[in-house]
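Trainee: Sequence:
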Amino acid sequence: MDRVCLKCDAPADPSHQFCGRCGAPLHTRCGACLTLVAPGLNFCTACGRQLSRDLSATGAVREERRTVNVLFVDLKGFTNMAESLDPEDLRQLQLDYFSTAREVIRRYGGVVEKYIGDAVMAVFGVPVETEHDGLRTVLAGLELQRELDGRALAGRYPMRARVGIATGEALVDLAAARNGGEALLSGDVVATAARLQTHAPPGGVLVSAVTHRATAGSIRYDEAPLRLELAGKSQPVEAWLARASVRRPPVPDDEATPLVGRAAELDLLMAALRRCVSERRAHLVSVVGAHGMGKSRLVRELLRRVHDDSGLLVRWRVGRCLPYGAGGTYDALAEIIKTEADVLDTDDPVRTRERLATALAKVLPATEVERLTNLLGPLAGLPGRPVRPGEIEAAWRDALLALARHLPTVLVVEDLHFADPALLRFLAELVETGGDAPLLVLCTYRPELLDEQPAWPSALPGMLTVSLSRLRADEMRTLLSTLMSRHGVAAEHTERLTGLTGGNPMYAVEYVRMLADGQGDLDVPDSVHGVIANRIDLLDNAERTLLNAAAVLGDRLWPGAIGTMLSLDGADVAGVLVRLQRRDFFVAGSVSTVAGEAELTFQHQLVREVAYRRLPRATRAALHRRAAGWLQAVSIDGRHDLATAVARHRIEALALAESLGEDTAADVQAARAALRAAADAAFAVYAVEAALGYVGQALNVWPVDHEPAQRRTAELLHHRLQFLVDSDRFYREYGVKEVTRLAERMREAGDRTGEARAETLLGQAEFMRAERDRAREHLDRALALFADLPDDAAKAEAYGELARLHLLEFQTGAALPAARAARELAHRQGLADAEMHALVTEHATRYVAGDASALADLERAVEVCRAQSLPTLRRAAHNLATFRQEEGELAGAAELERESRGVHGGQLSLVLSHSEEAEVAYFTGDWPALLRAADEYLDEEGADTTDWDLQLRGRRAWIGALCGRPQVSDVARSLDVARRSGFVRLRYNAYAHGALSRALDGDTAGAAALLAELVELWHEAPTALTLEWLSAAVHADVLTGGSTVERVVRTSVRRTRWVVAAEALVAGDPATAAERYDEIGCASDAVLAAAWAARATGSAAHAARVRAFAERTGATGLLSLY
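Position one of the sequence shown corresponds to residue 1 (this note's numbering), numbered consecutively onward.
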């Protein structure tokens, strides 16, 4: 509840009973219905709500971090003069000076903090912050100079002053801010303002760069800033000398952009105007919306539409209600009258009176002109005369209605929420008495006007209210795209800005302007910050206290959490949250992630950011701890989202405690436990990168000698996650050595389970960089350790990895038992992903062995993985894509590869490294693209997993030779890797592509020797997987003139379309082979077959095809093949 002094309007604390300024009893504003209730009552007389409870008493913030504007004013020469003055004279001079300063500062909404000798310090932006604080401060400074410059203080002492102004963050004492006085705020901004004042010239107002940026559109400054060396500043400071206010409004930034999302509202306004004109009677139309929703823009669009309508002739006049003390009660009305009479600020009284009389004579009888000129004179700046109560307002109404009867008139009153209640009363009476005058009074205001003036007319003639809500996301994207295009801002920011701006057009304009000015960090723009801060400051204490707690709690909030954080009753919290929903701070969700709790979210995340930034660090830390405690209490084991939230609160509390220099022992332990739990929860839902981040943070705050067993487990998880996220980086940063040392430490500590898991990880790491023997050693050791340990997921994983190792060795007899053992272990423990991982290995092993039915079984496995969103989908889809390629179905394989890349948590399902781009380029015959992709992939510094793609290294060798850039080292490297690793798959690729490279190089004997090794290997380990190497082998066989590979083709495990094409080649029918390769969609193999056909038959068509391909790809070496 708020306390209100109806006598002097002084601010009051909710705990006060009497006004601290005038002593009058304070009225209470009901927090539920906003009715003012007389002193002494405990219940609201309008809605019956109890008034005595103060929900903000517990958890209320007594200090806040605020963006404030500080003004220092100091008299030049005061010290020297004081030395020669009598104390009484000095006192009179000070009283006159202080009184003048205090009056000007209060007129513009500032608070005098202190008087120091002849210096006065004032603060703007407390207790209520607005977007106009900087402007009000500079206007106050200029007004102070006008009041003091050349004036004799105390009637006889002419003095000049210096004014310094700075804008920045400070810690504000809220109680002192309400009443003024010492120790109001602390912060560097105070010292900056004081030092700027010492550099200001006599009679000058010197402001900081931040103040200048906020007021440059409304204040005229010198053209260039000053560069000042200020005491205590490590770098020169930019400062600007203010000269005068600029009364013209700034040019709207959005005028060159189309009106977005307001077409229906514009049609409503136009229809209301037409109705007003046709019915010839007064109408009141309100455009209501939060700041930045486009109220003024909508009014300007209405004016444009009126101008474009030749059949609609109206008088259009605009008046603005000002948010600072430059105008009076009827300032908006005065602006309208002066515009109508063409009165200028520079006109003298005689000229002003003439202009006013001339304007009135056009619409009034001659007998009335003199009287109404006298009565309207004060609005145009002329002196008034004593009149009867109500006479002057009646005269103003008569004049305005006369204007409307003469020509249909639109009176636009902008920012009515800043207006004095007297102006609202006048406008209501103007419409009520409009009679037959076609007068449209069009008012724009924010919703808070109705909080302050709930009786504002709602049933006047022609009353229409147009409410502007937030723009939809698609509308914001359109607006942002247009603004960014206009300002030259990259479109990549569109989606993020759509979320940040939350449907507020003004926020969009300010963010784009900030980016255009080179500020790329997307901090809250100063103008937007001021608007949001003002909304927060207009809340009552209970609402503000709950908003602060909600800002700490996060994106989602629950009444129970808020109650725990503030030690408040849940019912009372719920009531205040409802009020905040009505004020558009929160929106209720349709479902809740916490059972039994309603869930709300911030309507706009920028509100949360501004509210959070205002809280002192100690308050933030305390609220973060309480939020974490509540979330832990309601958490269910394994809930990733809540575990993550707990960790966030714990780590924030720890960071804040460290920054405050507090004892952090308890926070460190709580943060470590929360981060470890968050890592486990994230890993459980396959959020691998998030889990890595959490366990890394946990280890950062985990002393080496504290809970060593648990720390070793965390270290192993960290290494495993690093390997899964970026295996090349894992190798570069000596991950294998680190895990080896960790396994030794676990062995020394007797941790067999940990050691077995470490050995499994080492086996995976060696397997992924094609080190067969070392991988098998580690996996054998892991299984030996697991043998007498209870079944768990790690044991199933070890069996599964051993099965994969045997599969890649094409040892199907060993792979199947290991895969089935892994599947049975996983099934018994309910490990769905591990079970499917093992099943995929089973099906892949059967396909490699030539079992045609395995393909359909693998397709079913892919469907199960899709349905259950299992990470194994990555490997299952990749394997199925590989087998589809083997079957010659390239299009379907490409779709599966795309699906494999996008699987959530797919890092858990290790897939052998290869270059898809190069693979596609081979099929399409784009050899330049293949060579570029091969260079990028194979020559990447620090890449340890590229050896599995020996087919690409081999293709780069022979395609590079045909394109005039031979890669002899690739053949030697491939052979070395294949023989060292021992994997059959790699040996097939090295022999086949090496043979083709040597044959193209003229080394027929060397090529034949490699083909002989390939055939020998075939007898040892035949396989259905021949796509990677069989075509290269038969091309080499053609070049060597032998029939070595024919034995492989004739005894193929599975007769795929690739084998059929190879059969044609070894049978001496390259033309048919070219046709078969074309049917598959492999241009590279087809052009080589065409070359053999041209050589064998002299076919002109085949020769032309080869020439065209060579010209397109730069493979001139092809021309020598026929």
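Among the hints, erroneous ones may be present.
As the list claims (entries may be wrong) - Below 25 angstroms or equal to it, Euclidean Cα-Cα: the simulated SDA-like pairs (lysine to any residue) are:
id	residue 1	residue 2
1	Lys737	Arg351
2	Lys362	Arg280
3	Lys76	Asp222
4	Lys76	Arg280
5	Lys76	Thr198
6	Lys76	Glu238
7	Lys114	Pro201
8	Lys76	Glu147
9	Lys737	Arg774
10	Lys737	Arg772
11	Lys362	Arg405
12	Lys362	Ala402
13	Lys233	Val210
14	Lys233	Ser245
15	Lys362	Asp267
16	Lys737	Glu940
17	Lys233	Val246
18	Lys76	His27
19	Lys362	Ala422
Everything labelled a hint here was simulated from the structure, so no lab data went into it.
Trainee: What hint numbers does the structure not satisfy?
Mentor: Numbers 1, 4, 14, 15, 17, 18, 19 - these are the hints that the structure violates, sorted from lowest upward.
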